[in-house]
Structure formats: C-alpha cells, structure tokens
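Colleague: Here is how the chains run, residue by residue.
Number of protein chains: 2
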Amino acid sequence: MPTYTPPLKDLEFVLHEVLQVHESATPGYNELDRDFTGAILEEAGKIARDVLTPLNTVGDTEGCTLENGVVHTPTGFKEAFDIVRDGGWTGLGADPEFGGQGMPYVLGASVTEMLVSANLSFNMYQGLTNGAYEAIHTHGSDELKATFLPKMVTCEWTGTMNLTEPHCGTDLGLMRSKAEPSGDGTYKITGQKIFISAGEHDMADNIIHLVLAKIPGGPDGVKGISLFIVPKFIVNEDGSLGNRNGVVCGNLEKKMGIHGNSTCVMNYDEAEGYLVGEEHKGLRAMFTMMNGARLGVGLQGLAQASVAYQNALGYTRERLQGRDVTGIQNPDGPADPLIVHPDVRRSLMEQKSFVEGGRAFILWGATLLDAGDLADDADAEGLLSLMTPVIKGFLTDKGFDMTVQAQQLYGGHGYIEETGASQFVRDARIAMIYEGANGVQALDLVGRKLASDGGKHVLAFFDLTKTFIKENEGETSLKADFLDPLKAAAKDMQAAAMYFMSEAPKNPNAALAGSSDFMHLFGHVALGLMWARMAKAAQDALTAGASDVAFYETKLATGRYYMARSLPETALRLARITSGAEPVMGLAAEAF
Amino acid sequence: MPTYTPPLKDLEFVLHEVLQVHESATPGYNELDRDFTGAILEEAGKIARDVLTPLNTVGDTEGCTLENGVVHTPTGFKEAFDIVRDGGWTGLGADPEFGGQGMPYVLGASVTEMLVSANLSFNMYQGLTNGAYEAIHTHGSDELKATFLPKMVTCEWTGTMNLTEPHCGTDLGLMRSKAEPSGDGTYKITGQKIFISAGEHDMADNIIHLVLAKIPGGPDGVKGISLFIVPKFIVNEDGSLGNRNGVVCGNLEKKMGIHGNSTCVMNYDEAEGYLVGEEHKGLRAMFTMMNGARLGVGLQGLAQASVAYQNALGYTRERLQGRDVTGIQNPDGPADPLIVHPDVRRSLMEQKSFVEGGRAFILWGATLLDAGDLADDADAEGLLSLMTPVIKGFLTDKGFDMTVQAQQLYGGHGYIEETGASQFVRDARIAMIYEGANGVQALDLVGRKLASDGGKHVLAFFDLTKTFIKENEGETSLKADFLDPLKAAAKDMQAAAMYFMSEAPKNPNAALAGSSDFMHLFGHVALGLMWARMAKAAQDALTAGASDVAFYETKLATGRYYMARSLPETALRLARITSGAEPVMGLAAEAF
Numbered sequence: 034m035p036t037y038t039p040p041l042k043d044l045e046f047v048l049h050e051v052l053q054v055h056e057s058a059t060p061g062y063n064e065l066d067r068d069f070t071g072a073i074l075e076e077a078g079k080i081a082r083d084v085l086t087p088l089n090t091v092g093d094t095e096g097c098t099l100e101n102g103v104v105h106t107p108t109g110f111k112e113a114f115d116i117v118r119d120g121g122w123t124g125l126g127a128d129p130e131f132g133g134q135g136m137p138y139v140l141g142a143s144v145t146e147m148l149v150s151a152n153l154s155f156n157m158y159q160g161l162t163n164g165a166y167e168a169i170h171t172h173g174s175d176e177l178k179a180t181f182l183p184k185m186v187t188c189e190w191t192g193t194m195n196l197t198e199p200h201c202g203t204d205l206g207l208m209r210s211k212a213e214p215s216g217d218g219t220y221k222i223t224g225q226k227i228f229i230s231a232g233e234h235d236m237a238d239n240i241i242h243l244v245l246a247k248i249p250g251g252p253d254g255v256k257g258i259s260l261f262i263v264p265k266f267i268v269n270e271d272g273s274l275g276n277r278n279g280v281v282c283g284n285l286e287k288k289m290g291i292h293g294n295s296t297c298v299m300n301y302d303e304a305e306g307y308l309v310g311e312e313h314k315g316l317r318a319m320f321t322m323m324n325g326a327r328l329g330v331g332l333q334g335l336a337q338a339s340v341a342y343q344n345a346l347g348y349t350r351e352r353l354q355g356r357d358v359t360g361i362q363n364p365d366g367p368a369d370p371l372i373v374h375p376d377v378r379r380s381l382m383e384q385k386s387f388v389e390g391g392r393a394f395i396l397w398g399a400t401l402l403d404a405g406d407l408a409d410d411a412d413a414e415g416l417l418s419l420m421t422p423v424i425k426g427f428l429t430d431k432g433f434d435m436t437v438q439a440q441q442l443y444g445g446h447g448y449i450e451e452t453g454a455s456q457f458v459r460d461a462r463i464a465m466i467y468e469g470a471n472g473v474q475a476l477d478l479v480g481r482k483l484a485s486d487g488g489k490h491v492l493a494f495f496d497l498t499k500t501f502i503k504e505n506e507g508e509t510s511l512k513a514d515f516l517d518p519l520k521a522a523a524k525d526m527q528a529a530a531m532y533f534m535s536e537a538p539k540n541p542n543a544a545l546a547g548s549s550d551f552m553h554l555f556g557h558v559a560l561g562l563m564w565a566r567m568a569k570a571a572q573d574a575l576t577a578g579a580s581d582v583a584f585y586e587t588k589l590a591t592g593r594y595y596m597a598r599s600l601p602e603t604a605l606r607l608a609r610i611t612s613g614a615e616p617v618m619g620l621a622a623e624a625f
Numbered sequence: 034m035p036t037y038t039p040p041l042k043d044l045e046f047v048l049h050e051v052l053q054v055h056e057s058a059t060p061g062y063n064e065l066d067r068d069f070t071g072a073i074l075e076e077a078g079k080i081a082r083d084v085l086t087p088l089n090t091v092g093d094t095e096g097c098t099l100e101n102g103v104v105h106t107p108t109g110f111k112e113a114f115d116i117v118r119d120g121g122w123t124g125l126g127a128d129p130e131f132g133g134q135g136m137p138y139v140l141g142a143s144v145t146e147m148l149v150s151a152n153l154s155f156n157m158y159q160g161l162t163n164g165a166y167e168a169i170h171t172h173g174s175d176e177l178k179a180t181f182l183p184k185m186v187t188c189e190w191t192g193t194m195n196l197t198e199p200h201c202g203t204d205l206g207l208m209r210s211k212a213e214p215s216g217d218g219t220y221k222i223t224g225q226k227i228f229i230s231a232g233e234h235d236m237a238d239n240i241i242h243l244v245l246a247k248i249p250g251g252p253d254g255v256k257g258i259s260l261f262i263v264p265k266f267i268v269n270e271d272g273s274l275g276n277r278n279g280v281v282c283g284n285l286e287k288k289m290g291i292h293g294n295s296t297c298v299m300n301y302d303e304a305e306g307y308l309v310g311e312e313h314k315g316l317r318a319m320f321t322m323m324n325g326a327r328l329g330v331g332l333q334g335l336a337q338a339s340v341a342y343q344n345a346l347g348y349t350r351e352r353l354q355g356r357d358v359t360g361i362q363n364p365d366g367p368a369d370p371l372i373v374h375p376d377v378r379r380s381l382m383e384q385k386s387f388v389e390g391g392r393a394f395i396l397w398g399a400t401l402l403d404a405g406d407l408a409d410d411a412d413a414e415g416l417l418s419l420m421t422p423v424i425k426g427f428l429t430d431k432g433f434d435m436t437v438q439a440q441q442l443y444g445g446h447g448y449i450e451e452t453g454a455s456q457f458v459r460d461a462r463i464a465m466i467y468e469g470a471n472g473v474q475a476l477d478l479v480g481r482k483l484a485s486d487g488g489k490h491v492l493a494f495f496d497l498t499k500t501f502i503k504e505n506e507g508e509t510s511l512k513a514d515f516l517d518p519l520k521a522a523a524k525d526m527q528a529a530a531m532y533f534m535s536e537a538p539k540n541p542n543a544a545l546a547g548s549s550d551f552m553h554l555f556g557h558v559a560l561g562l563m564w565a566r567m568a569k570a571a572q573d574a575l576t577a578g579a580s581d582v583a584f585y586e587t588k589l590a591t592g593r594y595y596m597a598r599s600l601p602e603t604a605l606r607l608a609r610i611t612s613g614a615e616p617v618m619g620l621a622a623e624a625f
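Respectively, the protein sequence lines represent chains A and B.
Using my numbering, the letters of the first sequence correspond one by one to residues 34 to 625.
Using my numbering, the letters of the second sequence correspond one by one to residues 34 to 625.
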C-alpha cells in the first residue's frame, strides 16, 4: 500500500526562498509569511497523508458504480469529502463574499499538489467545482452568483464542465447540443455530453453542470456557442432544492485509471438552464476557466510523479538485490539495497530533479496568475498565458514518464496492482489527455501564444533568463554547473523560435511539425531556470550559514543532475525542430 | 474493438530484400524463398487476425480466475489454442526428431510477431513452452527429452520458467527453493515461486515447470543453483499421466495488463523433480533459454507498438476534428480527419518508422541466432549476444512509448477501455520488466557484453556499419538522408564506448551511470543502420524498375523521418553518458 509524505519543506523552500512570496507586492501576499503558510500546509498535508492516501487504492479497486441513475462513489469517499469540507479546504481561494477564504492561488496550488498526490480521483470532485465556480464568478450575473456560489464554495454542491460530445472533442465548432429559449429567460438544454468527470455521484446535495450548447439561429461554429448552468436539482427561490432537472447520467465509462472519479455520459433532455455571460460568448467564458484548469492539470502530472517517486524511493531502500559494484554496502544483509546501483540512482535522480524543478515552475506560474488576477499585471498574465500550455503539456508528459520510471524500479512487483505503482501510471496518464490533449497544447503554444502580442511574452521570458544569468555570473559556484547550461539551453530555444519566425510564414507546417518538440524545449529551459534559481537560493542560504546544510547541499546536487543530464535535451529538440516539415509531412496521408 | 492487419508485405520486404535470407549460406535458409515464406506468413497472419485478435479484448476484460486450485482462462482461449496446435504452429522451430518442423528462427520470429500483435497474453502460453522446450532440448538427458519434448512441441503440454521468489528477483543468488535428492535419482522440490506466467491453466493436459532450486550442501549463491523439471502430473513409463505432483497455484496476481495470461504464485511441496543438465549448473542452462527469450520479449515490444500504431492510424483517418492549417482537405465533411494535423502526423511517423526499423532489427538478430545455431558461426553468436540486451531493452522501452503515443492520438477515447488503446499500453508495459528489467539489460550490455572477447563484437558492429556506409557512399540518393546521419550516430556511439573504456577502470560507476543511455544510443544506431539498409533496398528496387513504386517511396520517406528526427537522439545520449558518474552518484543514498 503506497504512503505519502507531504513535501512541506520543499514547498516552503520554493515559496519563501525561491519565489519569496512574502516580499512580493501582489495584494494578499503580505499574509504569506512562513508561520502562516507553514500552518496551512501542515494541516493540508495531514489530510492528504492520513485521510486521502489510504483511499487511493480503494478508489482504484472499487471504482464508481451506476445503479438506477445513481452513481455510488468508493467506500470512504463521502466521509473524506466531509472532512475536507468541514476543514474549509474547498473554499481556500474563493471570494470571501461567497464564503471563501480569499487566499492567493499560489497557496492553493501548494495545498492542491498534496491533495492530488494523495488521491487524484478524489480531488477531481473538488477541482471541477473550483473550475465551475471560477466561470460563474467571472461571467455569471449577480443573481446566479448569489444562488450557486456559496454552496459551491463549500462543495455542498459540486460542479462539472460539459464540453465534449461523441463526435466533438477539441473541435468545439462541431457541437450539437441545443439551448432553446423558454421565453422566461431560461433555456431548455438538449444533447449528449461525454467524458463528464464527477457528472453524477452521491457526495453532494446538488450538482451544478456548466454546459456548452448552441442557441438555434446563432452563428455557425464556435461563435455560436453559449454557456449555461444546468443544476441537477432546480434551486427554489428560498435556496432550497426543488425538482429534479432533465439531466441524467446515462453511463459510466470504463477507464484506464482514475477509477475513483465518475466519468459520465450525461444526457440532457430539455433541462432547465441559465445563461452565463452573453449569448454566443460561451467559449470565451469557458476559456477563462481553462487557463486555471490547465495549470491544475499540469500540477496533477507533477503531483503524481511526486508520490510515485516517493514510493519508488522507499522500495529501492528496502529491497535487497545485488551488490554495489564498488564494494559491499550492507555487509550484514544478504544483498545491498537497490539504491546502490547506478542505473537505479539515475532513475531516482531523474524523478527527483523533475519533481522539484516542476514544483518550482508550477508555483512560479501560480504567482504570475496571482499577479494578473490580484494586481492586474498584464505582463505577468501574458507570460503565464504563454507558459500555460508548457505547464500543462510538459509537466504531464514528463510527469507520466516519471511514474513509469518509478514503476520500473519495482521490477515485477511494479506490474502487480498490489504495490500501487501501476495506479500512479494509469492515473497520471489522463493528465496528458484532458483539458486539451498535449498535442493541442503544443499547437496552442506554437500556433498562437508564441507570436501573440508581437512575441512580447517570449521575449520577456528570454529577458528574465538572461537577466538572471547576468546578475549571477559572478558566482563561480553557480556558473559552470547552472548558468552555462542554462545559457546554452536558452540559446537553443531562441534558435527554435527564430526558425519558426522565419519558416512559418512560408509554410505553417514547418512550425507545427516541431510544436511538441518546442513545448518540451521550453519546458526544459523553464525547469533549467527554476533549478538555477533554486541553486542560487540554496547557495545563498549556505553562505548565510543556514543550519540545515544537508538540505541545501541536496538541492544543489539534485539541480546539478538536471542541468547535466536532463537539460541537454534542448539540443535534440532543436535538431528535430529545424529538420522542418519535410520529414514529418513528406509522406502523403494516403500513403501510410 | 481493435483490428489487426498482418504486415505481410513489410515482413517479406525485410526477409527477402533487406536480409536476403534465401541467398544466405545458413543451413535451412535455402528453403526460405518467397513462395514458401509467403504461404507460411499468410496462414499465420490469418490466425492472428481472425482467431487471436478478437480474443484480445476478451482476455483483458475477463482475465483468468482461480477456483479450487484450477485456473480458468478467458472464454475462447482454449478453442483458439486448439486451432493453433492443430495448425502445427507450436512446433514451427522445433527439432523434427521430437515432432517439430525445424524451421529457422527468422521465420518463427516473423510468425510470432503477428501472433503477439494479435494477442500477447495468449501467445505467452506457447512462448513459455518454447522456452522450456529449448532448455530441455539443449541440456536435458535423452530420457527427459523423449518423455517431455514431443508433447511440448505440440503444446499438448505447456511449459513454464520458475526463477523468481518473493525476496529474490534479479539476484538469483538469494534463492531459497530446495531440491532434496530422493535417492532414486529424482529430487523433492520445495519452495515458493512467484510471477510464474502460465503457471496453471486449463488449456493443456500437463504443465511442465522448469524450476531453479538449490541442492542442499551445494555452493552458496548462484553457483549452487540447479535446474529441474517438475511436471504438474507425473508421467508414467508408458507416457500416460499419473499422479498429481506436489505443485499448486496458490494465487493469481492482479496485474496492470496481460490479464489473459495467468500469473501464478506456485507452491512446491516436495514435488517430484528431475535434474536438467548437471547439478549446480542450472543457471547456465537457464541462460541458454534467456537469450532467445530476450529476443522474444524485444519482439513483443515491437509487436505491441505495431498493432497500436495500426489502430491509431485508422482512428486518425476516420475521426474528423479541426481543419488542415494549409487548406481544407475534406470540404464535404464537417471537419478534416485528424491525420492532416502536423503533430498527429509527427506521432504517426515516429511510430511507423520505429515499428519498421525495429522489425528489421529483430529479424536481423534472428538471422544471427540462426547463423550461430545452424552454422556454428561464433562471430554471429557474439554479435547477437552483444545486441540481445539492446533488442530487449531498447525495443521494449520504445515499444511501450509508441503504444502511449498511439493512445494519445485518440484523445479522451484512448483513455476509455472500449477502444483498446489502453490495453496495448498496459500489455506492452510488462515487456520492459520481465526477462530482466531493462535496467538489468543495460547493466548486462555495458558491464559485461561491451568488453567481452576484448570488445571484438562491438568493433564488428562498428565495422559493418562503416563498411555499409563506405560501400554505398557513391549513391547520392542515400548519402545526405541516410549515410551521413548514420555516420554521425555511429561516431557518437564510438565516443561513448571510448568514454567507458577510459573511465570505467578508474570508476565503474562512470560507465554504469550511462548504461541505460548507451542501450538507447546503441538501439538508435542499430535502427539507423537498418533504415539505411532498407533505404538501399528500396532504392535498388526503384532503380530496377519495381512496379510497386509507392511502396518503396513510402519506405524511403519513412526512413528519412527516422534519420532526421529520431536518430539525432544519439548526441543527447552521448552528452548524458559523458557527464559521467558525478551527477548520478553525487547525492549520497541517505540524502534522497
């Protein structure tokens, strides 16, 4: 049975020593001192470790079941949700006007990482509610907000997002669900939505569906899509629950993983719905929600890698097999622990350096989100918008890879469900797919974000990388191990961007053929920058005479691994990118 | 429901135009003309497509069940096994003296690829029998051979391999299973073995377990291990089945995939066993079997990638989503098929070029195995021995990656079990683990094989690569696209080998830290060589005026993708390798 140790010290290191949140001018950040964040993270960590972790295997094994239209969640989920609700964790980042605690996103992301490491399936019930809350909060009328948000903040009512239809995934223009005006300001929603996470379950009094549908007579394609609230139970004027609405769960999907979350086919049959925002402007409203959601999914990739790594590490320390080639390490035992073997160590370092670098990347992104939201910092918002597909795509691709590497360390025991290593792989796999498959993230990055606002945001990224290198080049302890590799990697990224700029106007495929490679190239440079910043923080702490020397030395050694062995991938990505469209598109579609 | 199209033309291209098996001097190869291989492959392909493919989902969904010591295989497996047996497919490569057909391994591997693509779990019942047959055939006494082999050739009796114990995986020296001499030449075998594939099932009259155990009083560690035959039912003098032996299946493991194969905990309680080969020389006997078995597992990685690719390709042709950025391709439809999108195309090319390159690599390896076995060609044997960990490790690592890429092309539909994409991923995953986890393959490659016989075999590999390049450098059509990239990649491999040679004597960890990287580097160079040879064959066919121009043009375009976009990974692997031991081992085990 897997265990989980909340990475409190690592989270605090990033928050306080790398990002220095407490010194930030972003409104609300002045509250984020070490005492405050320490208390919050410790409490959240306990829930993750003690309440949610033991339910992760249960969720995987039991799954959800559909009986007469009712979805039963796995044993213990409801009780755990009550604990999470009672602790006020569901409204951590929500608007105090509706009962939330108004905490910055960077703190919420830190908490969420732990909850997701402990139990991804479970956390999705709350995560989707937060997303739906966000869309209503930003685009809904005051009346809708007053009616729905307070109960969603507490998760007494949970939320969903309904986009996909059987024939319509990424290409939302193909949508068929209809919304007929009823004449009284409400709409009748009819259609079928699929892959609706938490679409139906037994853990909340009401479920608030956010549904994209087309109002007849509107424009074709995505321009004719509107966003609606469709509650499972109609809410009466006094806030009590009234009739069952015309929406039912038609089926539960059998999935590779996240068995503890109910993935529903939702059938809408003239269900009563309320317009959120303006008619035909539904996509814009949905996109608001998506940026946060994509960050959240990137976080899932990281969180699953983190817990998978922890458990694999434990296994390599306990499992005795073979002897250290340089000399026996465990003379009293029949063999040495797996961790002595160089290829095992390589795998552990790869996982550890990714997890810690990725954590810093996510939390940096969270500070940008806060700066945009709370301080109206358009530059921060623009940079985050550029990096969102990287956070989502790179961290989930790599996060999945890391769960596979973690599983590998168990040998045959990793393939057996008993150890839980397989579940991390199977659960992490979804993060590469939902909220826009990673190929779509790459397309968004290269086809849209890279050149947006005249390329301003990518230039800003290059600038801050250059500035960091320049400001610290005097530190000989950092130069060879951190700054030089970062400089080389950033140069590869610039060369790739230049290639796109010169080739794309002639042939868009020349850029798009390298889009996934660029997403990974960018991801590596971003993690390289994070490691350089973490190394600087660690070096500063050591210089200042910090007592926990081992902690900072470990950070430096972990960062050196990333810079020496992971970051050089940028050159490969650049080579692939500059090979252009021909190798990729040279074979006609019908010739495959 | 997934489908499967046997890759007959691709197999024949490799056999006849690339490897030119019919012209080989290896005994038995003179029979392998196009007519003969064509007939065999077509028949095997039909069984794969029509009999085994439909059972793949059944096997995954139903799995195996244990009831009162009896393991029930999934619906239809037994009937399908009868078809395979009746067709004589189980004895294709076996010695005619025991009822086999004595066909070269290269033909058997071609057949097996298709059977494994269709249904990995199913094929394992036969594959393990072949492995056990091999060990008995090579090391058993005439009496044992006469008693057991004829029924194993026909798979009336199936076989197993019993190595692993709960505390003892790769490190066989830790083995506890005991074999006490009974005084009559037989032994009493006692102990517990785990992860025993096909350990118990209802598809054969008898199960012949090959079991490693220690005879009390023998040397410690691996030098005290002996190999025994332990039949499920004792075989009477007249060949009829007698008493049930003291071996039972104690449990079935719940696994990530290959649900259709029974993975058993086997409990031996004074079971009657017969020594195979000499006392304490069991490991050597087991290793004989392992080389073939590792080739077979490499083939599994490739085979799963192949079928996953085929199905993903079909999906990308049918699924309409979005529009080609260079112009609408399907004006009468609501959207263009997925295959128009560059990142989709990139993924398909990556899969296709791996599968076709990997197939050539495996079949080349098979010709070396035949040359060693049938023509006593020690050089061929040595080269194959060097490449065996690469075939196993590289093809299964990459094979798994490709199934993940295939699954990704389905978007959300790939995560749902219904499409079968998830099963290919889950099934392919085991190939990276069993028959020596890939980290162990890398260790075998760098720690043992690379320097064996004074490095003779790796020099032979370099030589044949150089010779091929030299002989064809005049062909301008090949030079820039194939020969130059191959030369650069081979140079990276040489540099890596040089690094190991100079550093390993000072610090073995400097080599072992780069062992997985070297395995991948080698794999890419090998596939680069295969693609160069395939390109040459395609070019020759075009020059000779072959009628199927499209087939050869497609080969060339696919190869160009591999050379331009996959092969450059060698430089990254070299960079990682030459970063040495420090980044990997710099963090002490207790500091993680």
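The set of hints was computed from the structure by calculation and includes no laboratory data.
Here the structure is a predicted model, which is why all the values come from computation and not from measurement.
Be aware that one or more of the hints could be misleading.
[As the list claims (entries may be wrong)] With a straight-line Cα cutoff of 20 Å, these simulated DMTMM-like cross-link-like pairs (lysine to aspartate or glutamate) come out: (1) B:K539 - B:D517; (2) B:K539 - A:D357; (3) B:K524 - A:E602; (4) A:K178 - A:E312; (5) B:K512 - A:E95; (6) B:K287 - A:E450; (7) A:K287 - B:E450; (8) B:K314 - B:E450; (9) A:K539 - B:E213; (10) B:K287 - A:E95; (11) A:K287 - B:E95; (12) B:K287 - A:E451; (13) A:K512 - B:E615; (14) A:K524 - B:E602; (15) A:K42 - B:E623; (16) B:K42 - A:D357.
Colleague: Going through the numbered hints above, which ones does this structure break? Give me the numbers in ascending order.
Modeller: Numbers 1, 5, 8, 9, 16, in rising order.
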